[in-house]
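Engineer: Single-letter residue listing:
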Amino acid sequence: DGGITQSPKYLFRKEGQNVTLSCEQNLNHDAMYWYRQDPGQGLRLIYYSQIVNDFQKGDIAEGYSVSREKKESFPLTVTSAQKNPTAFYLCASSINTGGEEKLFFGSGTQLSVL
Amino acid sequence: EDQVTQSPEALRLQEGESSSLNCSYTVSGLRGLFWYRQDPGKGPEFLFTLYSAGEEKEKERLKATLTKKESFLHITAPKPEDSATYLCAVQAWRGGGNKLTFGTGTQLKVEL
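If you're matching them up, the sequences are chains R and B in order.
Counted the way this note's numbering counts, the first sequence spans residues 72 to 185.
Counted the way this note's numbering counts, the second sequence spans residues 24 to 135.
Note that these hints are calculated values from the structure, not bench results.
For clarity, every value in this text was computed on a predicted model and none was experimentally measured.
Heads up, the beta-carbon is just placed ideally off N, CA and C, and yes, glycines get one too.
Be careful, since some hints might not be right.
[Claimed, not checked] Which bits of chain B does chain R cover? Going by a derived footprint, with three or more residues having C-beta under 8 Å, they are:
#1 67-76
#2 126-133
[Unchecked claim] The following label-pair restraints were derived from C-beta to C-beta distances:
#3 ILE122(R) - ALA115(B): 31 to 37 Å
#4 LYS141(R) - PHE69(B): 31 to 37 Å
#5 GLU81(B) - LEU185(R): 43 to 49 Å
#6 PRO79(R) - HIS97(B): 36 to 42 Å
#7 GLU81(B) - SER151(R): 21 to 27 Å
#8 SER75(B) - SER144(R): 31 to 37 Å
#9 LYS80(R) - GLU81(B): 31 to 37 Å
#10 ARG54(B) - ASP109(R): 22 to 28 Å
#11 SER183(R) - LYS91(B): 40 to 46 Å
#12 LYS80(R) - LYS91(B): 38 to 44 Å
#13 ARG117(B) - ASP101(R): 39 to 45 Å
[To be verified] Straight-line distance between alpha carbons at most 27 Å, and here's what the computed DSSO-like set of lysine-lysine pairs gives:
#14 LYS86(B) - LYS132(B)
#15 LYS86(B) - LYS85(R)
#16 LYS141(R) - LYS86(B)
Isolated chain R (complex conformation):
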């Protein structure tokens, strides 16, 4: 069964703590993305990666870090520098088939601050 798997579903962060959100895909997609979703706001791009060992900052990268050591994996670390981390985090991957662009999302991780 192909898809994007995010874990954990729920995550709690203590003050000053770094936490890592997992994202794995078995769709063989080259590009992967991290978005943040807050109530009443549109999804905002944190980081994206078009190829292994390369990634770029999105619109709200401050306080976050990523790595892309394998095609299948794109973990996101929320560092202690991110002062307002409570949000729903969505990982996505994309493919262009027959000229049509499609972005597929995982089921999300809800991060809350203790």
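Put chain B on the given structure of chain R with help from the hints.
Structural biologist: The following block gives chain B in isolation, referenced to the frame of chain R:
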């Protein structure tokens, strides 16, 4: 800066009562306009991509249309299972990957 505005913010329909959701956009060179459906606590589910003015796409009770300034998602004879938040996003022709700019969504509730 790319902008996407969706209206209404929330919509309540009776089962079978057709309606339309609006997505107005400004972008410097539209590469694609995307519609997604999102259920509470889940990731968005891809519905359609539209590329040029005049294009239309259909899937079951949903039909998406595109003009140079806006897109409509028409829902014909909706059922309770169509209740969800519908998201619109645009992608511009510029370097830097497949970045999408999202609207805040329309929350649709279909009642019996």
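Engineer: Which numbered hints are broken by the structure, listed smallest first?
Structural biologist: 3, 4, 7, 13, 15, 16
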